[in-house]
Amino acid sequence: MKVAGVLIAVALAIAMQTTLDRLVVGGTAAVDLVLVAVVYVALTMGPVAGMLTGSVAGLLQDALSSGVIGVGGLAKTVVGFLAGAIGQQFIVTAAVPRLVMFVAATGLHSLLFMGLYQVLGVRSFVSPLTAVGTQSLGNAIIGMLSFSVIEGLPGAMERRRLSRRPRL
Amino acid sequence: MALLDIRQRTGWLFTAVVLAQLVLISAQVTTRTGVPMLEVAVFGAVAEIQRVATGVISTTSDRWQQYVSLQDVRGDNERLRSEIGELQLQLQQERALAQEARTLQALLQLKKAIPLTTISAAVIAGGASPDFRTLTIDKGTRQGIQGDMAVVAPAGVVGRVITPSLRAAKVQLLIDRNAAVAGLVERSRAQGVVVGTGENRLEMEYVPGTADIRVGDRVVTSGIDGIYPKGFLIGQIESVQRGAGDYTKVVVKPAVELSALEAVLVVSSPQQSKTEDRENEVVE
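Protein sequences, first through last, are from chains A and B. For reference, each letter of the first sequence is one residue, going 1 to 168 in the numbering used here. For reference, each letter of the second sequence is one residue, going 1001 to 1284 in the numbering used here.
Excised from the complex, chain B in its bound form (with noise of 0.2 Å):
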């Protein structure tokens, strides 16, 4: 009841016969415009009441609106951002078959131009260990490939044939610590053997030291070997040591970068004589 008691409350009390008293003098007192205070009163707080209730109403309106288009965003960015996902996979398989495309015509090309009967093949897959530089590709005893046929890629020699199955064929690369090609310096004729060192460079030995050798010097196949044909770039040398006369240590750069393979020749059949005249005509 302490609740009820006016007393308790003096001060809302005082404040409301104040607020009725100036209600009752506002309602008998006019502006100069003539119209009655009490009405000027009561319409400029329930202009101000409206005024504010219009805010609210507008501010709340355009919060959801606002949302509402959030969401609507918020669907558009996840949708456009699944197109742009599929499009970057559209564009990267496009690349990929535009290299491809690349890659065989240079293939295609290089099947022209050389003498000699080449079976197009596929990189499938790289070395299973990392002491072998190995790759294998797509084809086997079955399209006609054999142990120590030679593989080119357009760039120059890559390897050699080294364990054929039925639909696939294991390669040595130049680089492998197993591997050597017998070659000589295009612009010398400073013959020598050119072997894997397991890392990305080769060597060149059995360099005589009166050879003439320079950093440089592109280096090719000689084909006395009998797996490789004559003439094809096995790369370039990086370097050259010599010592007592003699050259120790030659390194040659390989023209192919072996490891972004993706087709490669595989020599079938050297047609030597064919292989010989374009040598010739090198020289010449």
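Okay, chain A solo, but in the shape it has when bound (with noise of 0.2 Å):
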């Protein structure tokens, strides 16, 4: 049921994705959904599936890219890994901490997609520090939001049932 939950979450991510792919900042997408939602399964699941989720995603997002495959998914793969390692040993479920985790996971992110294409020659990136700081922002903005909800959704449906339940 988890894994059914992980990989709907995941397809959910890339389909978003796809059509936020114009909001681009320094040649970088704004925001990136597909690395939110392996930060956001390491965090509540441990490193081993954020390790998992993060290689599968990272090879999807690969696959239906232009670039290298397995550049994004080494990069996710590690991030997700050591969020999830990260989480399991510190509590991160305030607030603060997460969006540190958030903000944190997509510079390690950053720095190890940018410097894997680097270092492959394949690709160059103009001002990455733009790019990484933009993208930091959104996905620690849409991770703390998606957080909210998701905590948030089942008390909300709890609320609204009783409301609905007529009154004797």
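If a hint is listed, it holds; no wrong ones were tucked in.
Covered by chain B, per the in silico footprint, the following chain A stretches (three or more residues, Cβ under 8 Å): (1) 46-53; (2) 71-78; (3) 110-124.
The set of hints was computed from the structure by calculation and includes no laboratory data. These figures come from a predicted structure and were not determined experimentally. Glycine included, every Cβ here is placed at the ideal spot set by N, Cα and C.
Relying on the hints, combine the two individually framed chains into one complex.
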């Protein structure tokens, strides 16, 4: 059940990411919803789940893009694993730690992603700091919203269900 | 089942996933030379494996060759040691034979030189008791050996036959406590009696106080004892002590190295006239 939920989340993230492809800052997308999904899974389910989710999601993302297949997968694998490991070791339930986690995860992902491309000599990135900063902020906001929505959704539904119950 | 749970092996799983993706990346990217990176990486890895394998095989082969060579060397070493031992033994035998030949040659020369009938004999044993300085020769009465026959060596007087048996004889050495020989100083003709001390020195007794003797003088047999022929070297005066005008002690070092005798001549028939002639020649 959890695996299916993760796969659906990844699929949704990829689908939404393709629609947000126009939001580009410094040659890089303003948000990476797939990365947000990976970090979310890692923080909630642990390093193994984060690693596998990052690997699968990254490879799918690579396959759908025109880049080298595996670069994004590798970057997201590492990020998912580390985020999961940190989430297991420390309490990352408050807003600020989560914000920091998303920002750090985005930075690390960008470092690995761009670094690998740079090492391979396949692609170069213009003003990466601006792009990374923008994406970190965007990912953090989306991530925080995601946590709020997902964590608050059951309670809201319960309240709505209770409010529709006929009064005796 | 815990071992099969991938969550128990997170580190390995992470490594495997990362490596797999690195391989995937390498398969797509080409190097500056146009060769796919995966091919380069695989070739490099395989080449390293080959290098290590070749190194291991080469080292093992070398060690094995060294071991086999060492075995051969060990065998050769043992064989050579054995040969060296045999050669050393052979060399000792040759040296012994050469020494024996030299001794016999000297004995033969002595035999030719002295005007006496002699019987050559080999020393076959030393003295049985330390209190009696004797030796045994391999000739006995069957070869004409009799008691009180003088025994000489190329270097000088050895002693006399005291107990002849059928095929062997016991010889009393000059240095025996009971041995005595009439002697005279070759230079001054001073006479005395040379007696054994039981050690490796002789003493000349009954030397007149007026006699002219010095350290280093040669002492020869005088022949008046009727046993030892005249004129054979007994030894050399080593020290002289005087007391109240008389000689109290004259020590003589034997001419013959008695502990290293191998062959001797037994004087069987003294030819007095010839001996006297020889002595006269010496005096002149």
